[in-house]
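Asks: The chain contents come next:
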Amino acid sequence: MTPEEKRKILQERRQAKMAGGKATDRLNNILSQGSSVKTSTTSVLDKPSTPEPTITPPPPSSIPAHLKVHEDDDPDTSDIEQLLSHRASPPPAEADFDKMFSSMFGNGGEGSEDPFSSMMMNMMKQQQQTEGENPDNLQDMEYEQKLLKYNTFKSKQSKFKFLVVRYLTIIMNFIYHFVYNDGFRSSSHDYIRSEIPTSNQFTLIFLSIEAVILSSYYLISSKRKSSENMTSDNFILKMISMASSFVPMIAAYQPLLVSLLGYWEILNMFLGDLALIVVLFGITSYLK
Amino acid sequence: MKVENTDNMDFELEPTLESVIKQDTLKWIFVGGKGGVGKTTTSSSIAVQLALNYPNDQFLLISTDPAHNLSDAFCQKFGKDARPVEGLTNLSCMEIDPEAAMSDLQQQANQFNNDPNDPLKSMMSDMTGSIPGIDEALSFMEVLKHIKNQKVDGSEANANQVQYKTIIFDTAPTGHTLRFLQLPSTLGKLLTKFQALSGKLGPMMSMLGGGQQQKQDMFEKLNEIQKNVTEVNEQFTNPDLTTFVCVCISEFLSLYETERMIQELMSYNMDVNSIVVNQLLFADNDENCKRCTSRWKMQKKYLDQMGELYEDYHLVKMPLLGCEIRGVENLKKFSRYLLTPYDPRVNGNLVYELEEK
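Chains as they are written, first to last, in the working numbering: chain A, 21 to 308; chain B, 22 to 378.
Extracted from the complex, chain A is given alone in its bound form (with noise of 0.2 Å):
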C-alpha cells in the first residue's frame, strides 16, 4: 500500500468516527470523564444548521474547477463549505458585514461626526434598501406617511376643541357676570374703578376652568404623542434632530426640550385666554 492510499484511508476512517452524532459524543465523553461542570455539548459538525448528517470528504481530484449555482445569487467561487458535502458552520451572514461597515463608518452616519462616513453609512443603506427593496417596503412607507398626517389632523382637531370649550366657558362665565353683577364693568377713570365693588369669583371661575381645561390637554396631547410616536414639526425640535446628528450630546437634551415646549403651549393657550377676557371687557366698554 502507498503512504497515499494509507493516508486516504486513514482520512476516511477518521471521518467516520466523526459521522452520524459520533464526534457530540466523544466531546460529551471527554466532558463527562473530565469531571467537567458542562452536562453536554454540541460539536460543530452535528450542529442543527448541518444539512447533511455525515461527512464525506471530497477526493482530491474532485476539487471543483467548475462554478455552481449559488442560491443567494453570489458569484461563483470554490470555498471551503462548497467543496464540504455539508456545511457544519454556517458562513458570515450578510448582516455581519454590514455590522462590520457599522463598526468601520463609526456607528453609522446618524451619530457620527464625520459627514463622508455618514455619506457612505447612507450608501449602505440604500444598497440594503435597493437589494432589500419591494412593492411591501413601498406599501409600509407610504403606510407611515399617512398615518403621521392622520395623527397630525387628530391633535389639531382635539385642539380645536378644547379651544372651543375654553372659549365658550369663558365667555359664558363672563357673560353671567357682566349681567348678574353690576361691578362686573371696566373702565378707564380710575375713579370709576374705585366705586366698583371687587369681585373675585369671576377670577375664580376662570383660573378653576383654566386649571381643569388646560391640564387635560396637557395630560390627553402628552399621552397621544407617546403612543402614536409622532413627531413633531416644531422648528425647534427638528433642529434639535438636526444638529444632533453632528453633535450626539443635543440628543440628551430632547426630552427636555419636548417638555418645556409642551409648557409653552399650555402657557400660550392661557395666555390667549386672558387676551379674550381683555378683548370682551374692551367690548363691553361700548355697551355700558
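Since the hints were made in silico from the structure, they are not lab data.
For clarity, every value in this text was computed on a predicted model and none was experimentally measured.
Fair warning: there could be bad hints in the mix.
[What the hints assert, rightly or not] DEER-style ranges, computed between Cβ atoms:
1) Gly57/B with Ser60/A: 25 to 33 Å
2) Ser124/B with Leu280/A: 47 to 55 Å
3) Met269/A with Lys322/B: 54 to 62 Å
4) Gln159/A with Ser124/B: 48 to 56 Å
5) Lys318/B with Ser60/A: 26 to 34 Å
6) Thr62/A with Lys321/B: 23 to 31 Å
7) Thr62/A with Gly57/B: 22 to 30 Å
8) Lys67/A with Tyr373/B: 45 to 53 Å
9) Gly56/B with Met269/A: 37 to 45 Å
10) Lys166/B with Tyr273/A: 49 to 57 Å
11) Asp102/B with Thr62/A: 43 to 51 Å
12) Pro87/B with Leu280/A: 51 to 59 Å
13) Gln53/A with Glu345/B: 27 to 35 Å
14) Lys166/B with Ala271/A: 41 to 49 Å
[Stated by the list, open to error] Coverage of chain B stretches by chain A, computed from C-beta distances (three or more under 8 Å per stretch; other residues unrestricted):
15) 273-281
16) 284-290
17) 327-340
Ideal Cβ placement from N, Cα and C applies to all residues, glycine included.
Following the hints, position chain B against chain A.
Replies: Just chain B now, kept in the frame of chain A:
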C-alpha cells in the same frame, strides 16, 4: 499503534511526524493548539527537521500569532521580511507585524490616490484598524503573496523572489487560528459585496479625484485577490498540499480543546492527521519526586484517553525538558524526537542535555 482496516489489513501508525516530514507534496503546514502548549517549539522543530531533511530546498516559518515568539525560540531577531536562520540557511522565519503591514497597505493605496488631504486615506486606516481579525487578515495576505510567487515559473521568477517548498505556520491560539482559516470563505463573500457596491463606489471615487483608470485598476486588483482567495481555498482543503498539526498537553482542558479544534478543522475540510503531546514527564521511575509522580499519573490518564480517541492519528509524545528549548542547536536535538519516538529509558539524558540560553 495498530489499526485494522475493512480489508483486514494491518498497518502501523507510527507515533512520529515522519509522514508529515517525508510527505513531499506538502506546501502548507499549520501548527496550532491552545495557548502555552508548545506550538512555537513544535512548529520550529518541524521547520528545523524539514530544513535538515531537504537541504536543497527552502522553507519558511511564519508566525501568525500577534504575540510573536519566533525570535525568542531561535534567539535571533526576525521581522516582517523573511530572514534566514543562522546555522540553517535554508530555513527562513518571518513575524508578521500588523502595523508595518498596514503602512505597506497605505503605500499601495497611494498608487491610486496621491492627494494628502484625501478623506479616503484616513478612512482606510480607520477601516483596516477596525476590521475584526486584522492580524489574521494580514497573515492571510502573506499567504496570498506566496501563492502568487509559487505560480510564477522559473523563467519569470525574479532572482530576489524565493520560492519555498513548504511554509509552516506557527499559529495563534485556537480561536484566532480558526478565524484565520475561515478567512478564504469570508473574504470571498466580502469581495462579492464590494463588487456589488462598485456601482456606487465608482462615482464616489471619481468625485474624490480618482480617475476612471484608477478605478479600473482598483477593481482589477480586487478581482485578482478574489482569484487568489479561491486558489487558497482549494489548496487549504487539499490533504496532499495542506495539513494541520495539533499540539496539546496531557490535561483535560487541552484535550477538550484539541478535540473541538479537530472537529472544527474537519468542518473546514482541512486535513488533521498528527497530534503532538508536549510536556510529558515520563516519571515512571522517578520515585524521588512525588509531584512528578503524581502529575505523571494524571498525564497518563489523559494519554490513555487520547490513545483511544486518536487511534487513527499519529500521536507524538514529547518530553518536558529541564530547560527551555531555545536556539537552533537545542531545537535540532529536541526535534529529532518528532521523527524517532522518545524513550525515557534510552533518551532520558535529553532532559538535562540542552544548553542553557
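Asks: With reference to the structure, classify each hint as holding or not holding.
Replies: The hints, checked one at a time:
no.: 1; hint: Gly57/B with Ser60/A: 25 to 33 Å; in the structure: holds (27 Å)
no.: 2; hint: Ser124/B with Leu280/A: 47 to 55 Å; in the structure: holds (52 Å)
no.: 3; hint: Met269/A with Lys322/B: 54 to 62 Å; in the structure: holds (60 Å)
no.: 4; hint: Gln159/A with Ser124/B: 48 to 56 Å; in the structure: holds (51 Å)
no.: 5; hint: Lys318/B with Ser60/A: 26 to 34 Å; in the structure: holds (28 Å)
no.: 6; hint: Thr62/A with Lys321/B: 23 to 31 Å; in the structure: holds (30 Å)
no.: 7; hint: Thr62/A with Gly57/B: 22 to 30 Å; in the structure: holds (27 Å)
no.: 8; hint: Lys67/A with Tyr373/B: 45 to 53 Å; in the structure: holds (48 Å)
no.: 9; hint: Gly56/B with Met269/A: 37 to 45 Å; in the structure: holds (42 Å)
no.: 10; hint: Lys166/B with Tyr273/A: 49 to 57 Å; in the structure: holds (53 Å)
no.: 11; hint: Asp102/B with Thr62/A: 43 to 51 Å; in the structure: holds (44 Å)
no.: 12; hint: Pro87/B with Leu280/A: 51 to 59 Å; in the structure: holds (52 Å)
no.: 13; hint: Gln53/A with Glu345/B: 27 to 35 Å; in the structure: holds (32 Å)
no.: 14; hint: Lys166/B with Ala271/A: 41 to 49 Å; in the structure: holds (46 Å)
no.: 15; hint: 273-281; in the structure: holds (count 5)
no.: 16; hint: 284-290; in the structure: holds (count 6)
no.: 17; hint: 327-340; in the structure: holds (count 3)
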